[in-house]
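K.L.:
Sequence:
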Amino acid sequence: MKSIPAVMVKNAIRMYDALQTGDSLTIGGDAADINLRRSLYGPVAIDWGLANSFVNARTSYTGSLSASMPFMFGVLGVRGRANLSGDAGAVVDAGIDGLNWRFALPEVPMLRNLSFGVSLAGAASTYNAAIGGSSRGTETPYFGTREISGESLPGWWVELRDGAQLLDAVRVGDDGRYSFEVPMVGARVVRTIKMLGPHGEKQSQMRTLAVGTDMLPLGDVQWNVGGTSFMLRGERAMSGSFRISSGIHDRMTLDVGARMPGTLMTRMSADSVRFSISARLALFDASSVSVMFDPHSYRFGTSFGITAIEALPIRVRLDSIDLSQKTFDATMSTRFAIGPLRFSAYGHYINRWNRHGYEMSPALSTQLLGVGMTAALRAGRVEEYDGVGEDREVSVRERLDLRMQLSPPPFWHLRFRFGSTYDLANNILGESNVGLSFPLFRIFNVSASYGIRGTDWKNGSFGAGVGLTLPFARGNVSASHSSGRTSVYSRLNGGMVISPAGIDFTNSFAASRIHLFVRGYHDKNANGTYDGDDVLLGPAESDLWVENGGKIASGSEFSTVPAMRNCLLRVNPEQFAGDGLYPLRASMRIAMPAGGSEVIDIPFARGIDLYGEAVINMPSGNRGKIAALFGVKVRLVSIDGIAEYESEFINDGTYLLTGVAHGEYRLLIDERELSERGLEIESMPETFIIGEGTETLPRIIFVPIGTGDAPEETDEWID
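Basically the working numbering = 1-based index in the sequence shown + 58.
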């Protein structure tokens, strides 16, 4: 299980159920599928912001306030704003920008979100409404399996790891190839490949598998419909859209939609609606393709990303493909690193009826002896056409310049930067600038800059700014003066969560801490998700460890957890054993947010105790001494990756797994550890079912490989 936020307000606010009563807020699913029971009270999350601008002796002010709280079957959010003119001394406009009610009805899973909004401006007020929903075809977002393969030296061991956790290990054969089958639980999976040589050599690399942006698992459905009423040329107009998306394959998501652009209500007709159909495809691992077709205008659009080389990810996008006009746009971007060098490039090719040309910008950056250096080339040639026939006018815009920037290492607490642009086409110096910044009293950050055009250093532009960071807010003030024009901007933002446990400020930029609550629930169908029939068991006793550090504390409530740190949570597996319930996973890694509070729900399911055994077959027909297996670890992992159990062989070649939930599983054994004992696996089932009446696990048969300390023979014959 991962940590589950009750509601997301921007990125930092987390709400939790501190009361643990029948009608309080409870959490299930994940951040994209919030499962809320009926709640009439609970914590309130508040975000606020203030801004001011002074440009050409004119002053204006802007204020914003948003709040989110439990309401009925979900969470209600309200967002408002007000604009003032300093010259007139009165409110220019104010209103409710958004009223959002996110809910989940167990009886109607296709209804998930309902929102209303109004922007008050007298007769020109704008109104909008939207409703949407989703249903999940699978218990977990599963996209099938993908292969991670590569080459190494024969005889080396290759490990597949999820962070520090070993998932699988293989020995490279004579062909120098290795491969792993990786379950795609989620749209993006990152794994570590670690290669170990016979003399202690080590190599490692990160491998990323992806199924594309916004892909849906097989059977999942999402839909939304919305409309807006606004004033257009003095008359009331409307716009609207409808879209339904479904995962029809592990590698394909289909979208069907319709939209109506802004149309006067007196002129609305069936011809005002535009239909489109699109598909998002995951054709290859670590790549994505999207194809769109508008049957009304016969326009195609597509985008795709390719990772042909692991260190060279390339993204290509084709837009506005019009078959009748033979026009299109294409963009390409890439970003990768080779040692200390970081390279990026962007290119844009334009072929439209009124524009034709290209733009490109490769850049190279590095850091040498503490000095940061960046060089970027910007080039382009675009022809623009105005009119038709003999009256057609053509204008050409060309650009070719080189931009360089240096950032020397800090001197005391001062940071400097120098930058300049050179126009290669006209062989003249372009814009140059110098900047300085330094912290002050730990809560301020002061910066200043001066820029010139060409060599006219007397008539440059000056800029200065002061940043402010407090535990409850963050803001800044910036000013600039150029060509006799002075501008001043300022802003201040903050947030808080008000709950029965007190007030938590949620300034994600401050060194704040969070509160962590760990609870257990009876997962009746052992799917790892808090469903409507599951029962809350109460606090779950656990140990909390900081990654690459020591244990913080033990218990079910932690109030001094350092923010922005990766932690390991280890659950006591025996605390609900009296009821026959055991955790589906006894340990997990969690990433702490930067503020607020967090609730982690641990699934406990009905479990049984299982025994397994192993034998060692020798070439002579006898059995090897089973003590050679003593201490070798055995892992039992469910097919969906939710449940995981671990044990090890004892002297008689048996092992015990306690509290195993029903389901389909596979066994994993560290083959490198077996190799050190001169053994390899001859026979082990790939998958097997554990259910009512299961008492033992399938037998595992090992044979010697002729290396290492092979086991001695006994007089016992093979059955």
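One or more of the hints may lead you astray.
Stated by the list, open to error - For each label pair, taking beta carbons as the anchor points, the in silico distance ranges come out as: (1) 189 with 307: 24 to 32 Å; (2) 153 with 528: 55 to 63 Å; (3) 205 with 756: 22 to 30 Å; (4) 599 with 205: 38 to 46 Å; (5) 427 with 724: 48 to 56 Å; (6) 496 with 140: 31 to 39 Å; (7) 205 with 184: 50 to 58 Å.
What the hints assert, rightly or not - Cross-link-like lysine-lysine pairs, in silico, BS3-like; alpha carbons within 30 Å at most: (8) 582 with 691; (9) 252 with 582; (10) 252 with 691; (11) 609 with 691; (12) 252 with 516; (13) 582 with 260.
No wet-lab data here; the hints were simulated from the structure.
Just so it is clear, CB atoms sit at the ideal spot from N, CA and C, and this is done for glycine as well.
K.L.:
Decide, hint by hint, whether the structure agrees.
P.N.:
We went through each hint and held it up to the structure:
1. Between residue 189 and residue 307 the beta carbon distance is about 28 Å. The supplied range of 24 to 32 Å therefore holds.
2. About 29 Å separates the C-beta atoms of residue 153 and residue 528, a value inconsistent with the hinted range of 55 to 63 Å.
3. Range check, residue 205 to residue 756: Cβ separation about 26 Å, and the 22 to 30 Å hint holds.
4. Roughly 40 Å separates the CB atoms of residue 599 and residue 205, a value that falls within the hinted 38 to 46 Å.
5. As the Cβ distance of residue 427 to residue 724 is approximately 51 Å, the hint placing it in 48 to 56 Å holds.
6. The hinted range of 31 to 39 Å is satisfied by residue 496 and residue 140, whose Cβ atoms lie roughly 36 Å apart.
7. Taking 50 to 58 Å as the suggested C-beta distance range, the pair residue 205 and residue 184 conforms, at roughly 51 Å.
8. With a C-alpha separation of about 29 Å, the suggested pairing of residue 582 with residue 691 holds against the 30 Å cut-off.
9. Of the pairs offered as hints, the one joining residue 252 and residue 582 is violated, with about 38 Å between alpha carbons and a cut-off of 30 Å exceeded.
10. Under the criterion of a C-alpha separation no larger than 30 Å, the hint pairing residue 252 with residue 691 is consistent with the structure, at around 19 Å.
11. The straight-line distance between the Cα atoms of residue 609 and residue 691 is roughly 24 Å, inside the 30 Å bound, and the hint therefore holds.
12. Of the supplied pair hints, the one linking residue 252 and residue 516 is violated, its CA atoms being roughly 59 Å apart against a limit of 30 Å.
13. As the CA atoms of residue 582 and residue 260 are separated by approximately 44 Å, the hinted pair breaks the 30 Å bound.
Checked against the numbered hints above, the structure breaks hints 2, 9, 12 and 13 and satisfies the rest.
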